[in-house]
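A.B. asks: Sequence order for the protein chains is X and Y. Quick note on my numbering: the first sequence kicks off at 1 and runs consecutively. Quick note on my numbering: the second sequence kicks off at 350 and runs consecutively.
Hints in this document: simulated from the structure, not taken from any laboratory. These numbers were taken from a predicted model, which means no experiment stands behind them. Do not take every clue at face value.
[Stated by the list, open to error] What the simulated footprint calls covered on chain Y by chain X, stretch by stretch (three residues with Cβ under 8 Å from a Cβ of chain X suffice, anywhere in the stretch; the number is not a length):
no., segment
1, 395–407
2, 534–542
3, 589–597
[Claimed, not checked] Straight-line distance between alpha carbons at most 20 Å, and here's what the computed DMTMM-like set of lysine to aspartate or glutamate pairs gives:
no., chain 1, residue 1, chain 2, residue 2
4, X, K165, X, E181
5, Y, K674, X, E137
6, Y, K534, X, D13
7, Y, K664, X, D34
8, Y, K351, X, E221
9, X, K31, Y, D665
10, X, K138, X, D121
11, X, K236, X, E44
12, Y, K626, X, E237
13, Y, K636, Y, E698
14, X, K305, Y, D495
15, Y, K380, X, E237
[Unchecked claim] If you want the ones that stay clear, here's a sample from chain Y, every Cβ over 10 Å from chain X, calculated:
no., residue
16, R352
17, D429
18, A609
19, S641
20, S680
We treat Cβ as the ideally placed atom computed from N, Cα and C, and that holds for glycine.
2 protein chains.
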Amino acid sequence: MKRRYSRQVHVGDVAIGGDAPVSIQSMLNAKTVDVEGCLRQIDELKALGCDLIRLAVPDEDSAVAFGQIVRRSGLPLIADVHYSYKLAHLAIDNGAKKLRMNPGNMTDFSNIKPLAQRMADLGIPVRVGVNGGSLAEKFSGMNEVDALTESALECANAFEANGLKDIVIAIKHSDPMINLEANRKLASMCDYPLHIGVTEAGTLRTGLVKSAIGIGALLMEGIGDTVRVSLSTDIKEEVLAARRILSTLGLREEGVNVVACPTCARTQIDVEALASKIEMICADVRKPLKISVLGCPLNGIGEGKGSDIGIAGGKDKSVLLFDGKVYATVSNDVLLDEFLKLLKRKIDE
Amino acid sequence: MKRRYSRQVHVGDVAIGGDAPVSIQSMLNAKTVDVEGCLRQIDELKALGCDLIRLAVPDEDSAVAFGQIVRRSGLPLIADVHYSYKLAHLAIDNGAKKLRMNPGNMTDFSNIKPLAQRMADLGIPVRVGVNGGSLAEKFSGMNEVDALTESALECANAFEANGLKDIVIAIKHSDPMINLEANRKLASMCDYPLHIGVTEAGTLRTGLVKSAIGIGALLMEGIGDTVRVSLSTDIKEEVLAARRILSTLGLREEGVNVVACPTCARTQIDVEALASKIEMICADVRKPLKISVLGCPLNGIGEGKGSDIGIAGGKDKSVLLFDGKVYATVSNDVLLDEFLKLLKRKIDE
Chain X
1 MKRRYSRQVH
11 VGDVAIGGDA
21 PVSIQSMLNA
31 KTVDVEGCLR
41 QIDELKALGC
51 DLIRLAVPDE
61 DSAVAFGQIV
71 RRSGLPLIAD
81 VHYSYKLAHL
91 AIDNGAKKLR
101 MNPGNMTDFS
111 NIKPLAQRMA
121 DLGIPVRVGV
131 NGGSLAEKFS
141 GMNEVDALTE
151 SALECANAFE
161 ANGLKDIVIA
171 IKHSDPMINL
181 EANRKLASMC
191 DYPLHIGVTE
201 AGTLRTGLVK
211 SAIGIGALLM
221 EGIGDTVRVS
231 LSTDIKEEVL
241 AARRILSTLG
251 LREEGVNVVA
261 CPTCARTQID
271 VEALASKIEM
281 ICADVRKPLK
291 ISVLGCPLNG
301 IGEGKGSDIG
311 IAGGKDKSVL
321 LFDGKVYATV
331 SNDVLLDEFL
341 KLLKRKIDE
Chain Y
350 MKRRYSRQVH
360 VGDVAIGGDA
370 PVSIQSMLNA
380 KTVDVEGCLR
390 QIDELKALGC
400 DLIRLAVPDE
410 DSAVAFGQIV
420 RRSGLPLIAD
430 VHYSYKLAHL
440 AIDNGAKKLR
450 MNPGNMTDFS
460 NIKPLAQRMA
470 DLGIPVRVGV
480 NGGSLAEKFS
490 GMNEVDALTE
500 SALECANAFE
510 ANGLKDIVIA
520 IKHSDPMINL
530 EANRKLASMC
540 DYPLHIGVTE
550 AGTLRTGLVK
560 SAIGIGALLM
570 EGIGDTVRVS
580 LSTDIKEEVL
590 AARRILSTLG
600 LREEGVNVVA
610 CPTCARTQID
620 VEALASKIEM
630 ICADVRKPLK
640 ISVLGCPLNG
650 IGEGKGSDIG
660 IAGGKDKSVL
670 LFDGKVYATV
680 SNDVLLDEFL
690 KLLKRKIDE
């Protein structure tokens, strides 16, 4: 997978673009004025591997709270000020490491200069974030792919013409196919690093499918420097999903990959319960491990060959594999306990 | 999306390959000898849009039960006999419309002729199903992509050389990237219709991501004539996931597409609860509808423009959109009821 060339920008100590690894971001859904609630969410997301976090800054109270959160946050924070130059300056006063602005509701760029110059002086990048659902009125006649790219580039050009080179662009659409086409077009027209994601992807199940297809297809073409999975559910799921997408594509060798079989009439243990339990136990393991949980010896031992730890379930006893080789046959009563011993050994290795 | 050319085969009244729509299949996890349990699962899967169903036939009792299920099933059934010629013949005696055989555990093809000729006479296709976890020993030195394609083509050629032209091939691997590469290679080497899927994709969340990436990438390249999503969970999820993948790619315009926003500090209603409720209510609606559930007026009205029905949530009252236009502003207490009235109107249209 050859990655598209992009200029590199820095959000605090996190690089985006160039040869930086694809970073994971999410957005808090606690109200920004709820400082403790936000800090709790930040800690949770960080533990799961989130690199960057965005907060909405819709008013002055939120900007002040944002400042309090910045001082205690373990990650660089991005302030989403949508269209307001005033809030943009306030967010910078309060320690924002990056701003997100939405050209869809910025009326014009005539007052952009002082902001662009201040951001350039401080090394604070902007994310120009265009969204299919909030395109500026003047693009309404155009086809959506052109409208999204033109709106994004017009705003990015306005920042760059006024002295800011540290620009990330995000184009998002809720239809993964339009999203794909617009990002391909954008990627070919500039060297800005791209933040990718499918917007309003939906609830957990639908959102995972749309995001995996939409984000996955772009990354496979080498497009995308930072990702956000947008799900209408617990935001921890967004980070876990992003990790799964990157790990499926071999772009982030981190965390446990549980391979489990769909059950069939041959299945002799409760694969779903066991695999889910193991996934939960391993959610915050960052070491890259492959674990296979198969319901029958037929595929279980073959599949286990490529795994760090494998389970091939039998009726009363199951086979445990370690480093791809048969390790022991144990009673199903103690299977999980014996597995956990092997897991600990692998993590400590 | 231009589809790869493939010869067409028929499984009962369901066509696979050629210009046939990409069909959805799943595999029962009730024991085949549990006739009533299998029939219940078949009915459930059919209601959700499953076109073809596979059952394991690991022994003679299962073959007899398979026959009882065939007589009462509303869908054509595929018997998975893995390697046994004897069970293959028994399954045909009992009404199998397609057989799945796994070359990984067929010792040789010297006895294939009577089976191939009988299947050709009866118009029963075979699915040659190769699996990364159960490759034949003789391919063990080879790289996996070559091993998977060679094993599949060797077996398909044996059937074809003995008179059976109605052949579907499936190559499955638990690593979506190896799966992708092997299927690309296979697609370029033959005109057999391809059954695609990522094997042992895992539990719901991980499995959805791996399957959407692996299956989605192939379909986007025009490869794949029938799909199975393999998940270690309720098999209904497999059919729903397949539908979501096909619908995301515009390959199956069927069912309700719920666009919902990730919540942020701007959100004024419980988007997740509302969107999930709507998805559940609509799970068996087959009419293609786009429904948007957004948490704020800012994006809600814009996104709703492209929807059949839209909700743009506000603090106490929310905006309902119909055919993309603002329809009414209603109190949140009656929002779901008013939405359901619009849904009924849309379905009846």
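A.B. asks: Now tell me if each hint is right for this structure.
C.D. replies: Verification of the supplied hints:
Requiring three or more residues with a Cβ within less than 8 Å of a Cβ of chain X, the coverage given for the segment 395–407 of chain Y holds, as 3 such residues are present. Against chain X, the segment 534–542 of chain Y contributes 0 residues with a C-beta closer than 8 Å to a partner C-beta. That does not satisfy the three-residue criterion, and the hint is violated. Only residues whose C-beta sits within less than 8 Å of a C-beta in chain X count toward coverage, and the segment 589–597 of chain Y has 5 of them, enough to reach three; the restraint holds. Restraint check for X:K165 and X:E181: the C-alpha separation of about 25 Å exceeds 20 Å, so the hint is violated.
For the hint linking Y:K674 to X:E137, the alpha-carbon distance of about 16 Å falls within 20 Å, and the restraint holds. Our distance criterion of 20 Å between C-alpha atoms is broken by Y:K534 and X:D13, whose separation comes to about 42 Å. With a CA separation close to 18 Å, the supplied pair Y:K664 and X:D34 stays within the 20 Å bound. Between Y:K351 and X:E221 the alpha-carbon distance is near 18 Å, which keeps this suggested pair within the 20 Å criterion.
For a cut-off of 20 Å, the pair hint linking X:K31 to Y:D665 stands: about 18 Å separates their Cα positions. Restraint check for X:K138 and X:D121: not satisfied, since their Cα atoms lie roughly 32 Å apart, outside the 20 Å limit. For the hint pairing X:K236 with X:E44, the CA-to-CA distance comes to about 7 Å; that is within 20 Å, so the pair holds. Of the pairs offered as hints, the one joining Y:K626 and X:E237 holds, with about 19 Å between alpha carbons and a cut-off of 20 Å not exceeded.
Straight-line distance between C-alpha atoms of Y:K636 and Y:E698 comes to about 10 Å, which keeps the hinted pair within the 20 Å bound. The straight-line distance between the Cα atoms of X:K305 and Y:D495 is roughly 18 Å, inside the 20 Å bound, and the hint therefore holds. Simply put, Y:K380 and X:E237 have alpha-carbon atoms about 34 Å apart, too far for the 20 Å limit, and the pair is violated. At the 10 Å boundary, the C-beta of Y:R352 stays outside the reach of chain X, the nearest C-beta of that chain being 16 Å off.
With a least beta-carbon separation of about 8 Å from chain X, Y:D429 fails to lie farther than 10 Å from that chain, contradicting its non-interface assignment. Not every CB of chain X is more than 10 Å from the CB of Y:A609 (nearest about 4 Å), against its label as outside the interface. Listed as outside the interface, Y:S641 is inconsistent with that label: its C-beta sits roughly 7 Å from the nearest C-beta of chain X, within the 10 Å cut-off. No beta-carbon of chain X comes within 10 Å of the beta-carbon of Y:S680; the shortest separation is about 22 Å.
Hints 2, 4, 6, 10, 15, 17, 18 and 19, counting from the list given before, are not met by this structure.
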